Amino acid sequence: MTNIASQIKKFGATVIEEKDKLLITAPRAPRNSTIQTFNDHRLFMAFTIASLLTEKSVVEGAEHIDVSYPNFLLDLIKLGAKIDYQ
766 MTNIASQIKK FGATVIEEKD KLLITAPRAP RNSTIQTFND HRLFMAFTIA
816 SLLTEKSVVE GAEHIDVSYP NFLLDLIKLG AKIDYQ
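For the sequence shown, our numbering assigns the number 766 to the initial residue and increments by one for each residue that follows.
Just so you know, not all the hints are guaranteed correct.
[Said to hold, decoys possible] No farther apart than 25 Å at their CA atoms in a straight line, the calculated lysine-lysine pairs in the PhoX-like style are these:
hint	residue 1	residue 2
1	LYS774	LYS786
2	LYS843	LYS821
3	LYS847	LYS821
4	LYS774	LYS843
5	LYS774	LYS847
6	LYS775	LYS847
7	LYS786	LYS775
8	LYS775	LYS821
9	LYS784	LYS774
None of these hints come from the bench; they were simulated from the model.
Fair warning: this is a prediction, and the values are worked out from it, not measured in the lab.
Could you put the whole structure together from the sequences, leaning on the hints where they help?
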């Protein structure tokens, strides 16, 4: 199972892996989860946005967003997202 598929499943999605693609069926309501980003700033940003659909999830790896978008979390907060980060 790929890193991405394993973490998407934590939200409660159904994921089918094929050779060059993932077929994802979203859950009606994503589950609260603790998500790993495998030191990848792109995964951190994608999973952070997905986590906004949950009541309370933890997305690990905020220290890696400096690579491409240092103000990512601050910009989400400015848009109204409720994010607690350290």
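Among all the numbered hints in the text so far, which are the ones the structure does not match?
As far as the earlier hints go, only 4 is violated by this structure.
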